[in-house]
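Enquirer: Construct the entire structure; sequences and hints are all you get.
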Amino acid sequence: MINRRMEELGKAPSKIREIFEYGKKRKAEIGEENVFDFSIGNPNVPAPADVNKTYKNLIDTHDDIWLHGYTSASGDPDTRRAIADDLNRRFGTSFQASNLYMTCGAAASLKITITAIVEPGDEFITFTPFFPEYRVFVETAGAKLVTSPTDPDTFQIDFGNLEAAITEKTKAILVNSPNNPSGVVFREETVQKLAALLAEKEKEYGHTIFLIADEPYRELVYDEEIKVPYMTKYYPDTVVCYSYSKSLSLPGERIGYILVPDEADHAADLYAAVAGAGRALGYVCAPSLTQHVIEKCVGQVSDLSVYKTNRDLLYDALTEYGYTCVHPDGAFYLFVKALEEDASAFCERAKDFELLLVPADSFGTPGYVRIAYCVTTDQIRRSLPAFRKLAHAYGRS
Numbered sequence: 000m001i002n003r004r005m006e007e008l009g010k011a012p013s014k015i016r017e018i019f020e021y022g023k024k025r026k027a028e029i030g031e032e033n034v035f036d037f038s039i040g041n042p043n044v045p046a047p048a049d050v051n052k053t054y055k056n057l058i059d060t061h062d063d064i065w066l067h068g069y070t071s072a073s074g075d076p077d078t079r080r081a082i083a084d085d086l087n088r089r090f091g092t093s094f095q096a097s098n099l100y101m102t103c104g105a106a107a108s109l110k111i112t113i114t115a116i117v118e119p120g121d122e123f124i125t126f127t128p129f130f131p132e133y134r135v136f137v138e139t140a141g142a143k144l145v146t147s148p149t150d151p152d153t154f155q156i157d158f159g160n161l162e163a164a165i166t167e168k169t170k171a172i173l174v175n176s177p178n179n180p181s182g183v184v185f186r187e188e189t190v191q192k193l194a195a196l197l198a199e200k201e202k203e204y205g206h207t208i209f210l211i212a213d214e215p216y217r218e219l220v221y222d223e224e225i226k227v228p229y230m231t232k233y234y235p236d237t238v239v240c241y242s243y244s245k246s247l248s249l250p251g252e253r254i255g256y257i258l259v260p261d262e263a264d265h266a267a268d269l270y271a272a273v274a275g276a277g278r279a280l281g282y283v284c285a286p287s288l289t290q291h292v293i294e295k296c297v298g299q300v301s302d303l304s305v306y307k308t309n310r311d312l313l314y315d316a317l318t319e320y321g322y323t324c325v326h327p328d329g330a331f332y333l334f335v336k337a338l339e340e341d342a343s344a345f346c347e348r349a350k351d352f353e354l355l356l357v358p359a360d361s362f363g364t365p366g367y368v369r370i371a372y373c374v375t376t377d378q379i380r381r382s383l384p385a386f387r388k389l390a391h392a393y394g395r396s
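With numbering that gives the first Met the number 0, letter number 155 in the sequence shown gets 154, and the count goes up by one each step, no holes.
None of these hints come from the bench; they were simulated from the model. We put the CB at the ideal spot given by N, CA and C, even for glycine. Accuracy of the hints is not assured; some may be wrong.
To be verified - With a straight-line cut-off of 27 Å between C-alpha atoms, the simulated BS3-like cross-links for lysine-lysine are:
| id | residue 1 | residue 2 |
| --- | --- | --- |
| 1 | K10 | K23 |
| 2 | K14 | K143 |
| 3 | K232 | K168 |
| 4 | K350 | K307 |
| 5 | K232 | K24 |
| 6 | K55 | K232 |
| 7 | K55 | K23 |
| 8 | K26 | K350 |
| 9 | K295 | K24 |
| 10 | K202 | K192 |
| 11 | K350 | K14 |
| 12 | K23 | K307 |
| 13 | K14 | K336 |
| 14 | K388 | K307 |
| 15 | K192 | K226 |
| 16 | K24 | K14 |
| 17 | K232 | K192 |
| 18 | K10 | K24 |
| 19 | K26 | K14 |
| 20 | K388 | K23 |
| 21 | K388 | K350 |
| 22 | K200 | K232 |
| 23 | K307 | K14 |
| 24 | K350 | K23 |
| 25 | K226 | K23 |
| 26 | K192 | K168 |
| 27 | K350 | K10 |
| 28 | K10 | K26 |
| 29 | K202 | K143 |
Claimed, not checked - Just the calculated beta-carbon pair ranges, DEER-fashion:
| id | residue 1 | residue 2 | range |
| --- | --- | --- | --- |
| 30 | F158 | K350 | 37 to 43 Å |
| 31 | R395 | S71 | 16 to 22 Å |
| 32 | D261 | D77 | 38 to 44 Å |
| 33 | P384 | E347 | 16 to 22 Å |
| 34 | D264 | E224 | 33 to 39 Å |
| 35 | F158 | T375 | 23 to 29 Å |
| 36 | A385 | S71 | 47 to 53 Å |
| 37 | A198 | D302 | 35 to 41 Å |
| 38 | A344 | R88 | 45 to 51 Å |
| 39 | T375 | R88 | 29 to 35 Å |
Expert: This is how it looks when you write it as structure tokens:
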């Protein structure tokens, strides 16, 4: 009668969303100021001033058909050209508008890309910890998600584990750097080693192995010495999936893109498959008005200083209280070791102190919790006594 897999997904929403909804209910009961909700990665800094100015200016100066009508299925040509120019300026690349396909955010970019390349029996590899929706995207496309554990002390790639995971069935590697949930950035030497391994495996198995770079947090890096390598410059069979949700604080506008470089194997066919997958999945075109805004505001970034302040304040306090956490280079999450083996039980106990944390079992790393620090600095300051009390309840601090 109905698709049971879809029913299961509908009845079992992500743990992140579940806790987020609990938080809204709890705030209504005891007041928003009394609940310390660290569940969801919803940017709390405003978009750059030019974003809203551009929305207003476009509405005031253009007709409704141009503003709200369909663009080309692959996206507005001027928008794609502006994005290509910005990438070329920043990374020394030579992309054109024809390399870009506009999407409804990073989730759509990933789902379209996976659908575009998947064939029966394929496997996709990702590194733990990983964004839980990867499993949904891969498995509903008919493929298998294989996880490769990272170094538990650094969350950098463990190449022994990765090489053991790659087989003739491997179609792609999913990479997220800066990482959700750990905040770790893969360094240049790591990316070079990854590219060399994949090139070697392509020759061994006689088929393309794609690298899918999931990059919504690319600009969210807080220390000058930390650089995020641009993957296409190291490995030609890379597809970049990007979103402006974080860099421009526009998560609700659902705007992003897929980049298919000319250097990729059979690039024209790959781009056509991306376009076909977008069509098959029902994505006619990305939101038109926001595409036009992106054209005018490309290259801008929200004020990230708040996130750096929040990271430093929370990391320093939690490690002082006895929590263990790898220092995050970017994104806006702390990935903290739970103070008991069962992370879900730990998160339930945290609720006694009105702390809403996300257990990381679905991220592929049991025993950890994710704390999204994209909240007000005031909330973090007010939450610190609660974190101390939680640590004290486990005999820490």
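Enquirer: Going through the numbered hints above, which ones does this structure break? Give me the numbers in ascending order.
Expert: 5, 6, 7, 9, 25, 31, 32, 35
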